[in-house]
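Novice: In the order they appear, the protein sequences are chains A and B.
The first sequence lines up with residues 65 to 434 when you count with our numbering.
The second sequence lines up with residues 65 to 434 when you count with our numbering.
Honestly, I wouldn't trust all of these hints.
All copies of an identical chain are treated as equivalent in the list; a pair is satisfied when it fits inside any one copy or across any two copies.
[As the list claims (entries may be wrong)] Within a straight-line C-alpha distance of at most 30 Å, the following computed BS3-like cross-link-like pairs (lysine-lysine) qualify:
1. Lys372 - Lys69
2. Lys286 - Lys399
3. Lys144 - Lys69
4. Lys225 - Lys168
These are calculated hints, taken from the structure and not from any lab test.
Each chain, written out:
2 protein chains.
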Amino acid sequence: MSFPKVGVIGAGQLARMMAIPANDLGINFKVFAAIADDSAAQITNFTLGDFTDTQSVLAFASDCDVLTFEHELIPQNIIKAVEATGTKVYPRSDSFIYSQDKLKMREKITELNLPSPKWQKYDGGAIEISFPLIAKLPSGGYDGRGVFVINSAYELTELHKETGILLLEEKLNFDYEISVMAARSPHNQACTWPATLTIQTNGICTSTITPAPEISDELARKVQAAALEISAGISLVGVMAVEMFIVGNDFYINELALRPHNSGHWTIEGSQTSQFEQHFRAILDLPLGSTEMRTSYAVVGNVLGGEKSDMYRPYLHLMARTPELKFHQYGKEVKPGRKIGHVTLCGENLLQLQLEVNHAVDYMNGVIDE
Amino acid sequence: MSFPKVGVIGAGQLARMMAIPANDLGINFKVFAAIADDSAAQITNFTLGDFTDTQSVLAFASDCDVLTFEHELIPQNIIKAVEATGTKVYPRSDSFIYSQDKLKMREKITELNLPSPKWQKYDGGAIEISFPLIAKLPSGGYDGRGVFVINSAYELTELHKETGILLLEEKLNFDYEISVMAARSPHNQACTWPATLTIQTNGICTSTITPAPEISDELARKVQAAALEISAGISLVGVMAVEMFIVGNDFYINELALRPHNSGHWTIEGSQTSQFEQHFRAILDLPLGSTEMRTSYAVVGNVLGGEKSDMYRPYLHLMARTPELKFHQYGKEVKPGRKIGHVTLCGENLLQLQLEVNHAVDYMNGVIDE
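Can you build the whole structure from these sequences, using the hints too?
Specialist: As structure tokens, this is what we get:
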């Protein structure tokens, strides 16, 4: 045995943050980037290529012991082509599909007897769900894209003309949205981290709190158990985010993302093992690391591009104000609404942590003037 | 303002570990490496060159906003040549000299009225210190190299013939060796971390414990105050290790290293701000981060090359045995006695942490059979 070579399809911020534990663990790591200025390509070894081109991906994978992903956009047939060469691909194509196809995910969750909102496949037939309902493109959407609130049969028909097959879901009047990160190895070792409250603004997660406050210990155990059931049920290898809606003391599975996830960024500082390190442990079939929290609360604020283009100058004020605040820049040019970084603060006093994180984010994106 | 460009002279493990906070903070970071396989060059942007060649260093520095160091070997005249161009160099040459010249360091510590072991400059005259004594080359030594235990005038004369001017020091019968990491910015903000016990084997640090157990609160405060006095006294900019001997309730300054240091590796997991992040904050004149500990104890074990050449296979056992253990590989080929990585464990029970870290190191270097 010697240090393995791991390649990741994609070179955004998730691949960028994967580089840290890769280097610490001595893993030979490289990213498959579209351009040299991609977030991860700026700071680690990369190969340029098009992830929709089979030959390019096969060439990249041929020098990898394990291939993995940081996004869901790579076509199934290309993943299967790599698998056919004998190179290990984790998550496997038949697991990753549940991250790529929301209809297949709903079927699987139902098969596992886990709770979904009422849902149906829609291709122009009877509508079994009352309005307003949620219509989703089965694949290709993220951060609220590909998701539509539909108020009438007319609206649905018009949308369907444009999109073809849709997944329809009951619009739940939920209390909270949470995410449970889970990891599983080929050896069948599995773990979860505590549930994370995800606070969304206009369909984009703007802040997270871990552990999710306001949910009972019993519900916290149930949602972790559900995440483990799904991990086993889909033969997950790697890390996965299970997004859920909370209504009272009940939970409903919303979406699966079979990769490191924004809702798991708190683990970098807040857990003994970060989601990025755990992903490597899992896909390399190494023993998983401890998911114990290193703090009472971890609060993350996502920095979305706003008025300010300079993300360095805010350090002068913010580092002086909050000496424990941790910055994570993604190396992306500021564009309105674009996720360009996040900040994390760990500690005991949740209210104080939230105030400081919110202040930092508002100050960085220009909501608060200097 | 925008994200600055920082270059570091040297591409060993310290530069490798500097890449992590550089990336997180969005700093444009590059290392000046001798070969592409250098520890840091493997994983981050680099320029190849010879740090004893003025033109090469000037060319590298010309594209940096700030130049810094990960070792003491770069000649003073080259540092001054960069300073003459107007590029910021931190630590400055007139501070860095105390990391490079042990005689100048002794003079400075004495001028600051801080305790040294008895010492003298020796160039063949009277010997004022009783045998056995320690003779040191004023510059160029590290990890016990360039340091000699001298038992007689004859031995000293023979050594002096080979080496020229020596620093002679009283051989203290000390109880412990400790290190205090300090940081200071051009703005004159300064901080220390808690003192670290450094456990040496054959002149090489093999393990550290933070905070140093067995020293009184009063002594802990005194050694931190001394580190701050030195920081100000030498106009430090960046981080520095102040190595000290402890005899009863007294301390004596041993050596200064004006850079991130092996005795500060515990800060990666154990402190709110790692020494590597703090070094950037200091040399960029940003507000310093909190040096609060994130754990009761942090124990580090240095992995020295031994019988085994495969440093990956031990993960199978060690990750299963100690799920909280953190590995830091330097990407170096295993050679006997060579520092190739370190492991860190944080927690409450010091004895347990020490046992686990010692087991891990012994298992990795082959002292314990599989």
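Novice: Confirm or reject each hint.
Specialist: These are the hints, each one checked on the structure:
no.: 1; hint: Lys372 - Lys69; result: between (39 Å within a copy, 20 Å between copies)
no.: 2; hint: Lys286 - Lys399; result: neither (39 Å within a copy, 50 Å between copies)
no.: 3; hint: Lys144 - Lys69; result: within (20 Å within a copy, 42 Å between copies)
no.: 4; hint: Lys225 - Lys168; result: within (22 Å within a copy, 81 Å between copies)
Checked against the numbered hints above, the structure violates only hint 2.
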